[in-house]
Amino acid sequence: AQSVTQLGSHVSVSEGALVLLRCNYSSSVPPYLFWYVQYPNQGLQLLLKYTSAATLVKGINGFEAEFKKSETSFHLTKPSAHMSDAAEYFCAVSERGGNKLTFGTGTQLKVEL
Amino acid sequence: NAGVTQTPKFRILKIGQSMTLQCAQDMNHNYMYWYRQDPGMGLKLIYYSVGAGITDKGEVPNGYNVSRSTTEDFPLRLELAAPSQTSVYFCASSGQLDGETQYFGPGTRLLVL
Numbered sequence: 001a002q003s004v005t006q007l008g009s010h011v012s013v014s015e016g017a018l019v020l021l022r023c024n025y026s027s028s029v030p031p032y033l034f035w036y037v038q039y040p041n042q043g044l045q046l047l048l049k050y051t052s053a054a055t056l057v058k059g060i061n062g063f064e065a066e067f068k069k070s071e072t073s074f075h076l077t078k079p080s081a082h083m084s085d086a087a088e089y090f091c092a093v094s095e096r097g098g099n100k101l102t103f104g105t106g107t108q109l110k111v112e113l
Numbered sequence: 001n002a003g004v005t006q007t008p009k010f011r012i013l014k015i016g017q018s019m020t021l022q023c024a025q026d027m028n029h030n031y032m033y034w035y036r037q038d039p040g041m042g043l044k045l046i047y048y049s050v051g052a053g054i055t056d057k058g059e060v061p062n063g064y065n066v067s068r069s070t071t072e073d074f075p076l077r078l079e080l081a082a083p084s085q086t087s088v089y090f091c092a093s094s095g096q097l098d099g100e101t102q103y104f105g106p107g108t109r110l111l112v113l
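If you read the sequences in order, they're chains R and H. Counted the way this note's numbering counts, the first sequence spans residues 1 to 113. Counted the way this note's numbering counts, the second sequence spans residues 1 to 113.
No lab work stands behind these hints: they were computed from the structure. The model shown is predicted, which means the values in this text are computed figures rather than measured ones. Some hints here could point you the wrong way.
To be verified - Straight-line Cα separation of at most 25 Å, DSS-like style, residue types lysine-lysine; simulated pairs: (1) R:58 / R:100; (2) R:68 / R:100; (3) R:100 / R:49; (4) H:44 / R:100; (5) R:49 / H:14; (6) R:110 / R:69; (7) H:14 / H:44; (8) R:49 / R:69; (9) R:100 / H:14.
Construct the complete structure from the given sequences, taking the supplied hints into account.
Listed below in structure tokens is the structure:
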């Protein structure tokens with residue numbers, strides 16, 4: 001069965017600093033990988049996804065993630081944090097041949113002045 | 001397009017009461033999903049549907065029922081509410097191709113007392 005591990009339930013960065021949110025997956029074959037963002041009292045919104053094209057995926061709001069098969073990782077980065085990036089971020093995986101998502105437990109990002 | 005809509009936004013139930021959470025999408029998606037979100041736990045799949053008349057259990061189906069009579073609607077039924085069903089419920093929809101993005105509704109916050 002596939003699973004997702006997000007290291008760090010809370011991450012705090014200064015405005016303008018690098019954002020790095022970690023995600024590792026467990027799957028027998030390279031899956032599809034997603035990052036979603038959830039702002040307070042809202043639903044989830046797709047940031048970016050990996051579907052076996054380029055391993056470096058660019059998303060909305062300046063975020064990007066790199067699929068590394070050897071490390072079974074799909075970490076999310078942004079070069080310079082903005083106050084508006086404060087939200088909860090979820091990594092998710094779906095197996096090939098199916099569309100069901102398995103979510104990580106989420107990382108709450110706090111951006112400080 | 002309204003996307004995925006959910007009603008109600010918030011509801012308080014007494015133990016043993018029943019209710020239906022409504023979900024509708026206007027994107028002509030075949031696949032629809034119900035998740036629950038609990039603090040620190042990420043999202044867990046309750047039920048999903050791959051088309052009208054076809055539903056299947058997800059990871060946490062106990063205490064819930066679903067039906068899918070039309071492509072647009074996918075209601076979730078709680079028959080005998082229990083405190084353990086206090087949660088935020090999200091409906092989502094997607095196309096049927098591999099790796100398709102799931103689009104989420106704004107959620108229904110349910111409190112069972």
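Item to check | Pair hint outcome, residue 49 of chain R versus residue 69 of chain R [Cα-Cα no greater than 25 Å] | outcome: Holds. Residue 49 of chain R to residue 69 of chain R sits at ~15 Å (cutoff 25 Å).
Next on the checklist: Does residue 100 of chain R sit within 25 Å of residue 58 of chain R, going by the straight-line distance between their CA atoms?
Outcome noted: Roughly 23 Å separates the two Cα atoms, so the pair holds.
Checklist entry - Given the hint that residue 44 of chain H pairs with residue 100 of chain R, does the C-alpha gap stay at or below 25 Å? => result holds, 10 Å
Item to check | Hint consistency between residue 49 of chain R and residue 14 of chain H [alpha-carbon to alpha-carbon, up to 25 Å] | outcome: With a Cα-Cα distance of about 40 Å, the restraint between residue 49 of chain R and residue 14 of chain H is violated, given a limit of 25 Å.
Next on the checklist: Between the alpha carbons of residue 14 of chain H and residue 44 of chain H, is the straight-line distance 25 Å or under?
Outcome noted: Holds. Residue 14 of chain H to residue 44 of chain H sits at ~23 Å (cutoff 25 Å).
Checklist entry - Hey, residue 68 of chain R versus residue 100 of chain R, does the alpha-carbon distance stay inside 25 Å? => result holds, 22 Å
Checklist entry - Can the restraint linking residue 100 of chain R and residue 49 of chain R be considered satisfied, given a maximum Cα separation of 25 Å? => result Distance ~14 Å between residue 100 of chain R and residue 49 of chain R Cα, so the pair holds.
Next on the checklist: Can you confirm whether the C-alpha distance between residue 100 of chain R and residue 14 of chain H stays at or below 25 Å?
Outcome noted: violated, 32 Å
Checklist entry - Straight-line Cα separation of residue 110 of chain R and residue 69 of chain R no greater than 25 Å? => result Outside the cut-off at roughly 29 Å; violated.
This entry does not satisfy hints 5, 6 and 9, going by the numbered hints stated previously.
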